Amino acid sequence: MLAARDLVLKLGGAPALAGVSAAIAPGQITAIIGPNGAGKSSLLACLAGLQRVAAGQVTLDDAPVLKLDPRQRARRIGFLPQVAEVNWDIDVETLVALGRLPHRSAPAADAAAITAAMAATDCAGLAGRVVSSLSGGERARVLLARVLAGQPDYLLADEPLANLDPGHQLDTIACLRAAADAGTGVAIVLHDLALAAQIADQLVLLHNGQVAANGTAAQVLTGPNVAKVYGIDIQVEHQPDGRLHLMVKGRSQRG
Amino acid sequence: MKRRLIPLLLAALLLASLLSLIAGKVWIAPAAMLAGDERWAIIAELRLPRMLLAVIVGGGLGLAGAAMQGYLRNPLADPGLFGVSAGAALGAVLAIFFGLSATPYVLSACALAGAGAAMALLAALAGHSGSIIVFTLGGVVISSLAGALTALVISLAPTPFATGQIVNWLMGALTDRSWNDVLVAAPLMALGAIILAGTARALDALTLGEAAARSLGVNPSRLQWQVIIGVGLIVGASVAAAGVIGFIGLIVPHLVRPFTRRNPSSVLLPSALGGALLLVVADAAVRAAPTVSELRVGIAMSLLGGPFFLALLLRLRRKLA
Numbered sequence: 001m002l003a004a005r006d007l008v009l010k011l012g013g014a015p016a017l018a019g020v021s022a023a024i025a026p027g028q029i030t031a032i033i034g035p036n037g038a039g040k041s042s043l044l045a046c047l048a049g050l051q052r053v054a055a056g057q058v059t060l061d062d063a064p065v066l067k068l069d070p071r072q073r074a075r076r077i078g079f080l081p082q083v084a085e086v087n088w089d090i091d092v093e094t095l096v097a098l099g100r101l102p103h104r105s106a107p108a109a110d111a112a113a114i115t116a117a118m119a120a121t122d123c124a125g126l127a128g129r130v131v132s133s134l135s136g137g138e139r140a141r142v143l144l145a146r147v148l149a150g151q152p153d154y155l156l157a158d159e160p161l162a163n164l165d166p167g168h169q170l171d172t173i174a175c176l177r178a179a180a181d182a183g184t185g186v187a188i189v190l191h192d193l194a195l196a197a198q199i200a201d202q203l204v205l206l207h208n209g210q211v212a213a214n215g216t217a218a219q220v221l222t223g224p225n226v227a228k229v230y231g232i233d234i235q236v237e238h239q240p241d242g243r244l245h246l247m248v249k250g251r252s253q254r255g
Numbered sequence: 001m002k003r004r005l006i007p008l009l010l011a012a013l014l015l016a017s018l019l020s021l022i023a024g025k026v027w028i029a030p031a032a033m034l035a036g037d038e039r040w041a042i043i044a045e046l047r048l049p050r051m052l053l054a055v056i057v058g059g060g061l062g063l064a065g066a067a068m069q070g071y072l073r074n075p076l077a078d079p080g081l082f083g084v085s086a087g088a089a090l091g092a093v094l095a096i097f098f099g100l101s102a103t104p105y106v107l108s109a110c111a112l113a114g115a116g117a118a119m120a121l122l123a124a125l126a127g128h129s130g131s132i133i134v135f136t137l138g139g140v141v142i143s144s145l146a147g148a149l150t151a152l153v154i155s156l157a158p159t160p161f162a163t164g165q166i167v168n169w170l171m172g173a174l175t176d177r178s179w180n181d182v183l184v185a186a187p188l189m190a191l192g193a194i195i196l197a198g199t200a201r202a203l204d205a206l207t208l209g210e211a212a213a214r215s216l217g218v219n220p221s222r223l224q225w226q227v228i229i230g231v232g233l234i235v236g237a238s239v240a241a242a243g244v245i246g247f248i249g250l251i252v253p254h255l256v257r258p259f260t261r262r263n264p265s266s267v268l269l270p271s272a273l274g275g276a277l278l279l280v281v282a283d284a285a286v287r288a289a290p291t292v293s294e295l296r297v298g299i300a301m302s303l304l305g306g307p308f309f310l311a312l313l314l315r316l317r318r319k320l321a
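Chains A and B, in that order, are what the protein sequence lines are.
At position 2 of the first sequence the residue is numbered 2 (the UniProt record's numbering), and the sequence of numbers has no breaks.
At position 280 of the second sequence the residue is numbered 280 (the UniProt record's numbering), and the sequence of numbers has no breaks.
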């Protein structure tokens with residue numbers, strides 16, 4: 001279990017997180033949602049052990065994540081940043097292999113993990129291409145393959161669906177679902193409430209650096225919660241398969 | 001090509017090094033080296049240490065340049081950006097100013113002290129942040145401050161002779177270097193090279209940006225220390241031995257990068273070999289050139305590097321346009 005307890009974080013003096021608790025369970029997809037500036041990316045960075053906090057702590061199987069050896073932490077927690085930054089025009093295989101850096105395992109084990117990750121993300125055909133020749137969708141898949149190649153126990157992704165067309169969004173979701181089914185704890189920051197309702201097992205709704213609600217989609221994505229946090233009215237339909245169907249009706253009346 | 005690059009560079013370096021022993025104002029045929037010729041002294045006492053110095057200084061600057069470009073994630077970065085080379089130059093200039101340069105080792109020691117001071121200042125400025133912006137700005141500030149102080153020392157020089165000596169030294173050359181210079185520079189360079197070799201994985205991780213690199217287990221402040229000390233030792237020792245020789249650290253990683261996988265770690269060793277090759281060839285060329293007084297190799301490198309840099313910018317502009 002990757003768990004945050006009572007996190008307090010200040011960025012440049014302004015409070016980014018004010019007492020946030022959340023848990024990422026193995027085998028599940030947890031969606032972190034909330035309006036811009038609610039603290040979603042901050043929470044994800046804290047969970048990844050990349051951010052010192054003013055109070056509270058993140059624990060990985062009860063061990064404080066900030067006290068772990070960085071390489072040991074890196075082997076267990078994979079992190080996909082929001083910005084798809086690649087500074088040198090390397091080929092896809094070299095890029096995916098970067099996911100193996102914390103492992104220092106035998107070349108055969110590395111090669112197997114790299115091949116598996118590229119197969120899972122449908123990147124095998126791109127292996128020899130250089131990064132600058134990839135489309136946005138291909139690049140996103142390759143960067144996801146990089147994280148998967150590290151075979152992390154927890155996979156944290158900051159808006160992995162942003163800038164993807166609906167087809168590629170579904171492909172990426174299928175990848176994340178497969179990882180979760182294989183036992184990985186997946187946490188993603190999302191903006192699209194309808195997608196979150198469809199794919200997440202657990203949701204954490206943040207508002208002004210605090211947890212406004214958490215639980216299943218049916219518990220979190222209620223009309224009153226969404227109206228309070230986003231200032232919009234939604235219509236929720238419960239589908240026969242237990243999923244939620246969400247429709248945005250418009251801005252709620254303020255006052 | 002990618003697999004054969006390192007053996008090719010090694011073979012070229014070996015060949016160039018041997019040929020450079022022959023070349024000079026006095027040409028010495030290989031047969032004479034073996035036959036107890038009295039010109040052997042020219043080889044053993046002058047050209048051999050000079051050639052070895054060209055190998056380690058050129059190799060060190062190439063390696064330091066490749067590491068800097070990887071660390072700053074910028075193909076235009078150069079070890080000179082760092083302030084260490086300007087600091088070392090200031091130390092050496094002060095030694096000449098106070099008339100200490102005739103005593104063996106003193107000039108080297110002063111240059112190394114200057115490099116050490118610049119490194120310490122940069123480390124203090126960048127602090128524990130591991131921030132690349134602070135690091136770069138700190139390097140620029142130290143560089144221009146040391147440059148201003150060097151200019152001040154030159155303007156205060158007691159005699160025109162001292163001024164001439166300082167200016168001449170600043171231009172960078174491998175002329176009249178002895179085994180002493182090799183013995184001072186080699187261990188420091190080797191230590192710096194070992195430290196920089198240890199950054200290879202972290203530099204690769206930085207390809208994906210700072211946040212991703214940290215998530216891959218890179219400790220940014222440790223990496224910054226390694227880069228400061230590794231580049232500092234190499235650049236400091238090279239300035240102490242040969243004065244300021246620019247552009248190698250900028251040009252060579254560029255030349256070799258297209259023949260590698262382009263990730264920072266795969267550019268390090270080819271850059272070191274390429275830097276050594278370039279300086280050995282350039283130094284042999286200025287030595288053999290039919291000029292009245294020998295052309296300073298530092299000037300030759302700048303004459304080569306200026307147009308190269310221009311061509312690089314033009315290509316970049318075309319790519320952006």
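There's no promise every hint is true.
[Claimed, not checked] Taking lysine to aspartate or glutamate pairs in the EDC-like style, the calculated list, with each CA pair at most 16 Å apart, reads:
| hint | chain 1 | residue 1 | chain 2 | residue 2 |
| --- | --- | --- | --- | --- |
| 1 | B | 25 | B | 210 |
| 2 | A | 249 | A | 192 |
| 3 | B | 2 | A | 201 |
| 4 | A | 228 | A | 241 |
| 5 | B | 319 | A | 233 |
| 6 | B | 2 | A | 93 |
| 7 | A | 249 | A | 233 |
Just so you know, these hints were derived from the structure itself, not from any lab.
All values derive from a computational prediction rather than experimental measurement.
To see whether the hints hold, each was checked on the structure:
Proposed proximity of residue 25 (chain B) and residue 210 (chain B) is contradicted: the alpha carbons are some 52 Å apart, above 16 Å. For the hint pairing residue 249 (chain A) with residue 192 (chain A), the CA-to-CA distance comes to about 14 Å; that is within 16 Å, so the pair holds. This hinted pair does not check out: residue 2 (chain B) and residue 201 (chain A) have alpha carbons roughly 47 Å apart, beyond 16 Å. Distance check on the hinted pair: residue 228 (chain A) and residue 241 (chain A) sit about 28 Å apart at the alpha-carbon level, beyond 16 Å; violated.
A hinted pair counts as satisfied when its Cα atoms are at most 16 Å apart, and residue 319 (chain B) with residue 233 (chain A) does not qualify at roughly 48 Å. Distance check on the hinted pair: residue 2 (chain B) and residue 93 (chain A) sit about 15 Å apart at the alpha-carbon level, within 16 Å; holds. Proposed proximity of residue 249 (chain A) and residue 233 (chain A) is supported: the alpha carbons are some 5 Å apart, at most 16 Å.
Violated hints for the displayed structure, listed by number in ascending order: 1, 3, 4, 5.
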